[in-house]
Every structure is written in structure tokens, then in C-alpha cells.
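Once you have looked at the hints, place chain B on chain A.
Residue numbers (this note's numbering), protein chains in the order written: chain A, 1160 to 1309; chain B, 4 to 476.
Just so you know, these hints were derived from the structure itself, not from any lab. Backbone N, C-alpha and C define an ideal beta-carbon position, used for all residues, glycine too. The reader is advised that the hints may include incorrect statements.
Some chain A residues flagged as far from chain B (calculated, every beta-carbon gap over 10 Å) [to be verified]:
(1) 1197
(2) 1219
(3) 1235
(4) 1242
(5) 1260
(6) 1287
Here are the computed lysine-lysine pairs in the DSBU-like style, where the Cα-Cα straight-line distance is at most 35 Å [as the list claims (entries may be wrong)]:
(7) B:266 / B:424
(8) B:424 / B:305
(9) B:309 / B:59
(10) B:266 / B:335
(11) B:422 / A:1288
(12) B:335 / B:56
(13) A:1288 / B:56
(14) B:422 / A:1281
(15) B:422 / A:1272
(16) B:56 / A:1281
(17) B:424 / B:335
(18) A:1288 / B:424
(19) B:59 / B:422
(20) A:1288 / A:1272
(21) A:1281 / B:424
(22) B:309 / B:56
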Amino acid sequence: VTRERRLGALILAPLIALALLGCGSQKTGKQHAAAKLPALDRRAYLEIASDSGTLRVSVVRAALGQSAAVDTAAIADARRRLSLARPRDALLVRLKAQLLGACSEAISQTRSKAGTRRAARKALTATDKVNDGLRQYAARHPSVAGLIPD
Amino acid sequence: VVALACLLGFPAVSSAANSQRPNSQTQPLADGCQRNPTGLLSDTSPEWVYVYKDPKTREAEGSLTHTHTAGGDLPEGHDWYDLNSNVNVLPQYAYLVSTANFTGNTTDEDYGRLHVEWETGTVPSYVWPTEGDQVQLWGSWVWDCGHWGTSFSPSNPDYLLPGQGETNCSGCPGERTEFHPMHVMIVTRANPYRPLSTESESDAYISTDGTQAHAEAQCALENPPSNIYTYPPGYTACITDPANRYQRVNDRDYTFFVPAPPKPSSTATLTWRTEDPGVSVNAPNETVQVLSNGIQVTIPFKNFGKPGQTQVYGKRFFVGWSADPTPPADLKVHFTGLTVLHSLDPPGTTGFGTDDPGGEWNLYLDANGYWQLLNDWAPGLGFLFDGQTLPLDQTVDLHVASGRGVRIFLHGRECDLPKIKPCPANPGELADDNDLPGEVLDQFPSAAAAIGSHTSTADSGDYQVSYTVSYGP
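The shape of chain A in the complex, shown without the other chains (with noise of 0.2 Å):
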């Protein structure tokens, strides 16, 4: 953590607080804080990360070579919900626009034995970068922390 970041999340810290005390909700101050992301943005970042992860247990076995196959149905329907998501956040858009190459790849991909293994490497390499890319922007935006139910 770099002391500008700290020296960041210690200014803007109070600030926000103090505008979430204002606001008077029965909410806890976390789940108010993650209801403050904009809602469009908060939808895509949740259905990115979970269809990330989708996308990463369908090939994880096939890409470790434990097994022949990927499911590719469970992508198919991860890319069906995450063409809904409408993001604002221009990292966000980019992040889906890339999962849903990875996804589209890791299902056409899947006609040989080599193929499909090769097709869920690159699938998990993706997804890799897809999660760099959403860490990034919950360290831009820490209250998506308040989006993990119980």
C-alpha cells in the first residue's frame, strides 16, 4: 500500500463518513457505503466477479488436465447474464468486454481433446487478468467489501 493511497483513504475517510451519518438509514454504515456505489456499476461488478469465477471453475479441471471436458453450458449462461450487465465505470466495461471474449473463446474452443485443454488454460489466464482488474477497482471503490452477504 503506497502512503498516497493511505494518505487518500485517511482524507476522504472522514468526509465520507460524515456524509453517511447524514443520511440516516437503519442500514449498517457498510452496507450503506456499498449502496452508495452507482447501481448499475454495483450490479456489473458483482456479476463479473461471479461470472469470473464461473468461467474459472468450468475450465480449472480441463485446464490442469484432470479432466476432458468443460462445462460449457454453465459459461454459456455466465456469458447470457453478464451480456445484461450495463456498467458506467469505464474499467468495469472493459472488464466485461474481455470476459465475454474468454468466454465466447473457452466454448468454441472445444472440438479436440488438445484444444480443450489449451482453450481452459487461456480461459484461466483471462480470468486471472479479469480479477486484477476488478481488485482494482475495489481498491478505487473499498465499500464493494459490503456486497459479501453472510
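Structure of chain B alone, referenced to chain A:
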């Protein structure tokens, strides 16, 4: 570099320290939590890791409070919503309660208590506890890696900078410890509703079904994190294998005591009996030793059965006396109807979690420990509109011992999260959590005080339940 090395693999502490209260600010990170919402959502960080990286099964005893099903759970880690409760542990088990369990509001259900969870699809309702029950539990002692801060606060850097791995934050409470999943539940009822005569009741349940929670903790242990942000692909592959949900229960025998109620006369002799709820699979027969003040039950599981074999044990034990001068009152609680005032998801609303028409609710009833998913009585709960009234027309028999009361508790969820049962799959909805329709809690100090017709409104104002209590024939 030193901090990173500690996070990545060196043993956390010596085994001698594994029975010490863990520090929630530092130990969860050493044990494998990553404070990383992206990782939790994308199956690259575990929601649970073993405390001190020690998978040893732990035991706890105490009294329970605030038992309920989860309002929301993380879909990545659950097939069914969890059954949750909180144990006021006996002093010898106080070390199980981490430092963060003593932060936040003192009225929180888990403040100063050991929180325990197991999926409702795994735990049959006959053993679901209720307020004040005594328990003896065995389970996996884990960190709940999904929550590390209590509130949005300038003094809470782990909240402000998630995933950055702070270990020296000031005022950051950190993760809480819990049993999740449990392996064994022995529930001794404070106010048993089943016995027709004055009897004590202990319900036993043992299962190898560790659910996804066991898989995540075990897979995290076997596939250490690649860095402070993520676990390797081997972790994700591991948690997708259903075989890794198996938790061993035949590594020991389980012994517990079922106390008799007060002896009614000097000539009375102790009696005992069992009921079989019909859940046992590949389980040994128990042995019972009759003592002067109760029975000692041993379930000889050690080395019983085969490795990896599904094993489930379930039985109810009752202890009484040959004389019963003051038998329980026989109450009939007739539930007549349920009116939903606010469905929380009316048609025409297009916000998050409201894509499907109508509200989808799960409501649960707890009547002195009799648990019922009300959707089984009223399937209309799965498709609700504002102002809708659902007939229930169901009667529950409650036997209430002299000096005991009646407690009627309803709670539940409006389903917005995807995939977790008993909610519908919700493929068209996406929300950060479910809506909560609130609770009904009616408490009567005696059987006589409960007699009559009642209409109770949830504390949220979202629904009303009507029921009539009368004496049985």
C-alpha cells in the same frame, strides 16, 4: 518480504498455541483469509479457513441463543441457506471465541459467543435447536473470511483498503471464529414439545456431509495461496470436487449425557426410550448406560465403516420416571392464515433483485423447537403480491411441561440471491443480498397464558400470522 513469507506458507503457530484465543486482527491473514471481495466472489479466495491452519475437530458445550436460518449467504459457498446459532460456551471452551467476537454492538447475536453454522439442507429439522437449548457440538473451527470489519469507519483500514493485507490496523476488528460446518450436534431441549409425559429430550445428529464450507477450508489448507490476492488454480479445482465435501466423523466415539427431569418421588424408577427419525446411514448402534440421574449414551463411531463412506446418525433420546404426577399440558396450535402486507418485490418494480414478478419468500416457524418451513404449508409464499392472504390451516401439537411457556417465532427471507435452496434459482435476479421480511416473536409464560386467538405482525410490518391455541382432547 517477511510478511509475505508468513502469509504464504510458514506454519502459523506451534500446536501448543492451538488452544489459545486467536487474535482476529493478525491470525486470519496468517491462516489464509485474504480480505478480498473479488476473490470471494470469483472462487479464488476461500470464505473459510481453519484457525491456526489446524483441521482438528473441536468440541464445544453451552447454551444456545438466537437460532435462525440465514437471511443471506454467499452463493459461491452454499447449496442451502445455513442454520445459524450462537453458543454461550462453558469456560473451558472460551478460547474458541476470537477477539473480534467481542467487538461491535453488545446486543449482536454473536457478541461474546461462538457462532455456529451448517447448511439447512444437511441438518434435518428434528435436531434444529431453539432458544435456551443446551448443546454439545463438534465442528470445524474456522475463520469467517467474508467479513473483517464491523462498520464503515475512518479507523477501520481493512474496510477502506480491502485485500491489501493490513495486519497492524488500529481498531480493525478482523474476522470472527465460528464452527462451520458442524460434524455432530447433541441438542438437549430446554422445553421439549414432543413428550406426552414429563421427560427430558436430547436429539443427536452426526454427518459426514461437510458441505462446501468443509471443501473450502480443506482445499485452502492443501493449496496455499499463490500471493496475498489469490489462491492457485488447484484450489479452485479442489473445491469443485464433491468428494472434498466429505468430513470424517469415524475418528472417535461420541459420548453425551441425557439428564433426567427432577425425580417426582423416592419410589420412582428411571425410564428411557428412543425415537428414530429415519436419517441414519452406515452408522453404528449406540450403547446406553443407565445412571441414577439420567443416561450416558455412547455412539461408537471410531473406525466404524469405510474411509470416504457417507455416514449419518440420527436419534432422539427421552428420559423420565415411572411416576408422573404433573404431566405436560397438551396444546393444539392451529395456524389459520398468513397475510403479506408488503411482498418486498411487487410486480412492476424493476430494481435489482426484482426482475421476476412477485415476491419469492421463505418463512420458517419455530414453535418450542418444532421447526417448519411454511412454504410446505403455503406454496403461495413463492409467488407473492402485496396484500395477499394465504390460508395455512395446519395444527401443531405442543406438550408444555409444568412451569414452561410457549414461544412462537417466525422469520425468513425474500429471495433475491441466486441459486441457494430452498429459494428458487433466481436466474434473472442479481442482488447483493436478500430482503428480510422481519420476525414474529410471541412468548407466553405458561400454557394457560397462550390459550386464545392471536394475530401477530412482524416487527418489519411486512406480514401477519394468525393462530389459535387451545387445549387438546
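Now the hints, each set against the structure:
1. 1197: holds (12 Å)
2. 1219: violated (5 Å)
3. 1235: holds (12 Å)
4. 1242: holds (13 Å)
5. 1260: Correct as stated: the minimum Cβ-Cβ distance to chain B is 17 Å, above 10 Å.
6. 1287: violated (8 Å)
7. B:266 / B:424: Between residue 266 of chain B and residue 424 of chain B the Cα gap is close to 45 Å, so the pair fails against 35 Å, i.e. violated.
8. B:424 / B:305: It holds: about 33 Å lies between the C-alpha atoms, which stays within 35 Å.
9. B:309 / B:59: holds (20 Å)
10. B:266 / B:335: holds (28 Å)
11. B:422 / A:1288: The given pair, whose Cα atoms are some 26 Å apart, holds under the 35 Å limit.
12. B:335 / B:56: violated (50 Å)
13. A:1288 / B:56: Judged against 35 Å, a Cα distance of about 29 Å means the pair holds.
14. B:422 / A:1281: Holds, at roughly 27 Å.
15. B:422 / A:1272: Given pair residue 422 of chain B, residue 1272 of chain A holds - Cα atoms ~31 Å apart, limit 35 Å.
16. B:56 / A:1281: holds (32 Å)
17. B:424 / B:335: holds (30 Å)
18. A:1288 / B:424: Roughly 32 Å separates the two Cα atoms, so the pair holds.
19. B:59 / B:422: Distance of about 31 Å is within 35 Å: holds.
20. A:1288 / A:1272: holds (25 Å)
21. A:1281 / B:424: holds (33 Å)
22. B:309 / B:56: Measuring from Cα to Cα gives roughly 26 Å; hence the hint holds.
Hints 2, 6, 7 and 12, counting from the list given before, are not met by this structure.
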